[in-house]
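*Asks:* If you want the building blocks of each chain, they are given just below.
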Amino acid sequence: MKRRDFIKSTAAASSALFIPATIAGGETAPASLVARVSGESPYDITNKAIELVGGMRKFIAKGDVVMVKPNIGWNRTVEQGACTNPEVVKAVIEQVMNAGAKEVIVMDHTCHKSADTYRRSGIEEVAKNLGADVRHADDNRLVIHDFKGERIPRWPVYRDFLDVDKFINVPILKHHGSAGLTIGMKNLYGILGGVRGKLHRSMGASIADLARGFKTDLTVVDAYRVMKRNGPVGGRLSDVELKKTVLASANIFEVDMVSVDVFGETPERFEFIQEGIKRNLGIGDLSKINVKTAAV
Amino acid sequence: MTKRTGRLWQRLRISSQVLFTALFFYLLIRTGQSATETFTFSDYFFYFDPLLLLLNLIATHKVMPLFLLSLIPLVLTLVLGRFFCGWVCPMGAIQQLFTRLFRKSNREKQVSRTLLKMKYIILILVVVFALMGTHLGGWLDPFSLLTRSTATVISPAVNHTLEQTLKGGAGETGIVAGSLKPVYQLARDHVITEKQRAFAQSLLIGAIFLAIILLNMARRRFFCNYLCPLGALYGLVAKFSLFNFKVDDSCKACNLCAKNCTYAGSPYQDYLKSECLVCFNCTTDCPHGSILARFLPPKRENRTKIDLGRRKLVGSIVSGVFAASLPRIAPASIRKTHPFTRPPGSVSEKEFLEKCIRCGECIQVCPTNLLQPALTEAGWDGIWTPILNPATGYCEFECHKCTQVCPTEAIARISLEEKKKFKIGTAVIDRDRCYTYADGYNCAVCEEHCPVPDKAIRFREVPVWNFEGRLVTVKQIYVIPDLCIGCGICENVCPRSDAPGIINTAEEEQREFSY
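Residue numbers (the numbering used here), protein chains in the order written: chain A, 11 to 306; chain B, 526 to 1040.
No wet-lab data here; the hints were simulated from the structure. Mixed in with the good hints there might be a few duds.
[To be verified] Cut-off 30 Å, straight-line C-alpha distance, at most; resulting in silico cross-link-like pairs (DSSO-like, lysine-lysine): (1) Lys784(B) to Lys642(B); (2) Lys288(A) to Lys1000(B); (3) Lys692(B) to Lys706(B); (4) Lys208(A) to Lys784(B).
Keep in mind that this is a model prediction, so the values were computed, not measured.
Turn these sequences into a full structure, and let the hints guide you.
*Replies:* Shown next, in the form of structure tokens:
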């Protein structure tokens, strides 16, 4: 309820202040700062990246109920690079707990059967060991959420994602057939129910609509093992390249921009980036984004 | 034997029934429906089934080594009589339970001696059918029947009922939902499947199972006495068994021993070694302790015998030979195309129909609800054999569970690596439906899900006249048949609402479709 009320009230407040809708969006874009950390240990570089963007306490208040949403879409192993690295997820959950969160929930609406993806990705084990609440998508818990988007006006969302105080997006960077790449914004598909395939018709616009209509408090991108081809499901180890990088930012759009650079592409090539620029989700020029780089 | 001793034996028998039934369901549940679970022992009960040993020997002329385990209960039967039916069989235990529950309806009813012959006729028919290449043993084989009913009816129905009754707990708001929440959560975590499973034949298989249960109202252990071909096989052997019940001189001829006898016989006047399930009910009912349990060398019984007689024997064989040809003269057996695909690892169709016992083990373990019991898709004798239905599921790339549990190796035991390369069929695009052809806009959900590392589904940018009449560039999908393994996930995820734009077909399937 809290998040939905918040989204409603911000929307109401911004329209009351006659701020142009494009700027207000669903959310105002937070101050840009993207951490880009490389190093041998996915766990260490995740901690460093969070530290560089101001530390977890900046994002999490004591007593918060926090959703950590990795990409757990596919029944693939860590080495195949289709799901978020469990070490990255582990670091995020630990940090959230240390920041005083009351409860941490880990969940994704998966493409393959979640009982398998949760287990094979290694995320279930890591999250349960830390005492997080690992939930499976339950269609009884779908509610219609108003994204106020062009392509996605209203769409069913699992209420687990709405009924929390903070939402931390923990995607993996990888190739994606129809979107080009999947990073933070595309990872929000995982909060949706219904026939998500219908959104592929104009994928870039759908992705940008999601990023605008749903508030993300922090995005931590796993770019440790990066699937370069045949995504998003992959499977062949030769398609996976070690980039040994983790990125973090409060701005989901800008962290996606920088991640495209990590992948070795130019952001402007991708429709979802173009659509994001149109929606004013953040700085649309890679050279102007405030990036803090570090190596551990 | 005193009443006390009798009761002790009876309790032992009930404990044994509970134990084996629990073991049966434990193996089924433990084997589960997750692709990542490596425990697959739900097929083990089948190896102790001599009927299946016999039928597979006839149909395939080969002895499957594991099935030699079924000689153990068969040899034991020579000593102990039909102990298997009374002490071990989980289907028998369920019949016994309902016979007990329905005792008010079935107590006064005689068990017809003529009708007892029915199961022997069924056994003959099943054997004759197997000789003619049609495998119907699984229709009434107790393990096949129970596994199939559990997979397609009992387990999904329990799941649905639980989910419907507890659904309120998902909402978390309101007093009812709030108090239901912990129960709902518990059920969610441990009992209810992620997605409700659904099966094409639930209604038919469910009706048959329900009927078998309810028939216990009409007669005690109806299924075991009249229908079970495995029981018939054990009955034939038990005729020569050492064990038997007898009354001693203290017998007052009250015939109370027939009161709870499974076939309403009695050691006093109507004892049939072939029908006695060694349940010890008679010993608890005898007020005088006159019943003796003895091991004596087989000697001719001078009481009523279950004997078919030559006419019936020949009659049933001849009619079986005739009837067995009926499904084989239907178009399904000569057509060159077929509208279904079989699980990965399946042997050629002719061999498949001979080996498959329609037990539904593969259907039970399939993690995605892809496998469905056929009705007539695979011909009349293909009823309840597994076929793929991508509308309900897809073949999980990282899973080969169905190949690990098939008791008769109609689905060969292939490794996960072999299975990943096994060509179930080929996806074919319906260009009148696929969005990238018919409507002229991007979609490629199928391409995204294609699990083959090289991608059997790809797209190319093509100018297409779209639904608005404009010439646009569309990422149009295409299938590379040589790479496609026919897993059906493309058809499963196709977002089109009327019918999928890409269909999994038997085209180029690896196994031979040869009769």
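*Asks:* Hint by hint, say whether it matches the structure.
*Replies:* For each hint, the structure was consulted:
no.	hint	in the structure
1	Lys784(B) to Lys642(B)	22 Å, holds
2	Lys288(A) to Lys1000(B)	23 Å, holds
3	Lys692(B) to Lys706(B)	9 Å, holds
4	Lys208(A) to Lys784(B)	66 Å, violated
Against the hints set out earlier in the document, a violation occurs for number 4 only.
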